[in-house]
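A.B. asks: The lines below spell out each chain.
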Amino acid sequence: MSTKHSKAAARFIANRKQEAWHDETLWMVRAKRDKMSHSLPEWERLRELACDIKLYTNSHLDTLLEEFEKNALANGAIVHWAKDAAEHNAIVLNILQQHKAHTLIKSKSMLTEECGMNEFLQEKGYDIIESDLGERILQWMDLHPSHIVMPAIHIKRQEVGEMMERVLGTEKGNADPTYLTHAVRKDMREKFLTADVAMTGANFAVASTGEIVVCTNEGNADMGTSFPPVHIATFGMEKIVPNRESLGVFTRLLARSGTGQPITSYTSHYCNPKEGGEFHIIIVDNGRSDILARPDHIRTLNCIRCGECMNTCPVYRRTGGYSYTYFIPGPIGINLGMLKDPVKYSDNVSACSLCLSCSNVCPVKVDLGEQIYRWRQDLDKIGRASSEKKLMSGGMKFLMERPKLFNTALKFAPLVNKMPRFMVYNGLNAWGKGRELPVFAKESFNEMWKNNKIK
Amino acid sequence: MSTKNDILSAIRSHTGKRYNMPELTLDAITYDDKIAQFSEALEAAGGKAVVLQAGEDVNDVIRRHFPDATRIASNLSGITCATFNPDELADSRELDNTDLSIVEGHFGVAENGAVWITRQVRHKALYFISDSLVLLVDKEALVNNMHEAYKQTENMVYDFGAFISGPSKTADIEQALVFGAHGPVGVLVILK
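Protein chains in written order, with our numbering: chain A, 1 to 455; chain B, 1 to 192.
What the hints contain is simulated information worked out from the structure, not anything from laboratory work.
Predicted model, so just to flag it, every value in this text is computed and none were measured.
Incorrect hints may appear among the rest.
[Claimed, not checked] Partial chain A-side listing against chain B, Cβ under 7 Å, derived: (1) L40; (2) W43; (3) D62; (4) W81; (5) A152; (6) T181; (7) R185; (8) S265; (9) T267.
Just so you know, even glycine gets a beta-carbon here, dropped at the ideal spot from N, CA and C.
For reference, chain A alone in the conformation it holds in the complex (with noise of 0.2 Å):
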């Protein structure tokens, strides 16, 4: 019954201060998410609607693509297309050629990080800065993301303070966040003054105008856009949206549902290049339009990346976002991770515990613990069921399918009671593992029935 997943989580388990910090902390931001949605009266129906508007774009991508195109060249914009990957990362490295860049000042962005493209910058010698401060730490620390909104949550502030004497030099034991971040800021400002290009995600792609959105906190994207010459935005091609209106709908759910404010400081409209600049667009596929020809999945394309069903999962928030085997973790990415590979990607469909609180929270309405469900239907198909719960399941149906057998089974059972522990917990039975069994009742409900126990 071992899959990677709960291999991974059992690593991180070990450590049960942590363990119950992080559980606590995401807990806070799903009730601070709760504060939010419960103070609009319309919350239900902003869902529903982004949900719709969702719907409509991904069974539009053709045209919506087509406009956004069209509108951003007309802004002055030099717009790309990316199959996958490598044509993501080659269209990057060609533009940084073409400016003789050295170094790319770089906001959060998912996708880069699905194309692992900061990994093929940097063999090839270029110099990629993380701006956001989460995303700044954990490439010094040499990490990947634990969370896609919260990518350190996984670090406690001893280890940054550590780690910022060595390249920072900031005091030795001084752990103060606020102390720490300011002197990220002060260590940034100069990256920001002389980087050569600037790189940032997209939350959203206006069809109708041509504009891309980004939403920070930290004003990382504005700082890095306003000094090089060069911007270069990329975005999945899920992220369009119709017109402005319909940013209406997103922007009220995007923040409130991630970390529980009402917007993020943030939320910036790109339009043109700066004077004499240049403004590039790349518009990603990378299995997108793969998605589009599974109707029981085509939901996951809904996803706005708030990250508030990493935060009210039970087992992501127990177990951390490096359990997962997938770059995004908790139930989207498990989601997301089975539709790029499935015998890949799924020892994570385990790492569920069909609550469907994820599904209930999604502010777009993504059917995510449903998702799940179907995708374990299907691991037998693609051979890789747990041969222990296929044994099991096996053998309950053959007791199910034989009544007699299975009262007399039923009869022994409480001898299970007084077996010996080394028994009854070990490791053929992963049931025991972590916790007790309970205890078996002396008859069975049949038994009682029978004798007119139960009226």
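For chain A, the structure is supplied; the task is to place chain B on it using the hints.
C.D. replies: Chain B only, in chain A's frame:
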């Protein structure tokens, strides 16, 4: 060009049911006292709103809130407390070490304390680079929510626009809230 066509033809061949665009109708929240709600939301975001009183000079209000600011940028004609006009700088990098920037916003949003700006200065950096930012907004120009806000932007033409709700902030270290991650540590909105 061929990549674009490949992507579009993959989209066309994989798209199944085509859903209609919904009517964006909803009863969005409104507030009896938009100024009070705006101020409360902005404060929660780490900023501050003040209403300019009759007969009060906006420069006095700014001075009172930022007594230590020495390098003050503004291209607005009525802002006499500014020490330089940022539009006269050829290079946006020269804006570094600005204590205070004073700019105008088009309108504020009551539900979240955000102010909508479009670039009205030479260097967009001005909105982000100074230690503190003052946004001047007409107090009659508050809208209730983001639906009304985007309706207001419908006919606006801009190369860069942004909703700014309070100062730059982060909670990336242990979810501890810190102001001034990269941009302004403080934001004051003066409702005129």
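A.B. asks: Confirm or reject each hint.
C.D. replies: Results of checking the hints against the structure:
1. Using the Cβ-Cβ criterion of 7 Å, the hint placing A/L40 at the interface with chain B is satisfied: the shortest such distance is roughly 6 Å.
2. For A/W43, the shortest C-beta to C-beta distance to chain B is roughly 10 Å, which exceeds 7 Å, and the interface hint is violated.
3. This hint holds: A/D62 has a C-beta 5 Å from the nearest C-beta of chain B, less than the 7 Å allowed.
4. Given the 7 Å rule on beta carbons, the hint for A/W81 holds: about 4 Å separates it from the nearest Cβ of chain B.
5. Annotation: A/A152 was flagged as interfacial toward chain B, and the flag holds, the nearest CB pair being 6 Å apart, inside 7 Å.
6. Hint status for A/T181 relative to chain B: holds, with the closest Cβ pair at about 4 Å, below 7 Å.
7. With 7 Å as the threshold, the beta carbon of A/R185 comes within range of chain B, its nearest partner Cβ sitting at about 6 Å, so the hint holds.
8. The beta carbon of A/S265 comes within 5 Å of a beta carbon in chain B, closer than 7 Å, and the hint placing it at the interface holds.
9. Checking A/T267 against chain B by beta carbon gives a least distance of about 4 Å; that is within 7 Å, so the hint holds.
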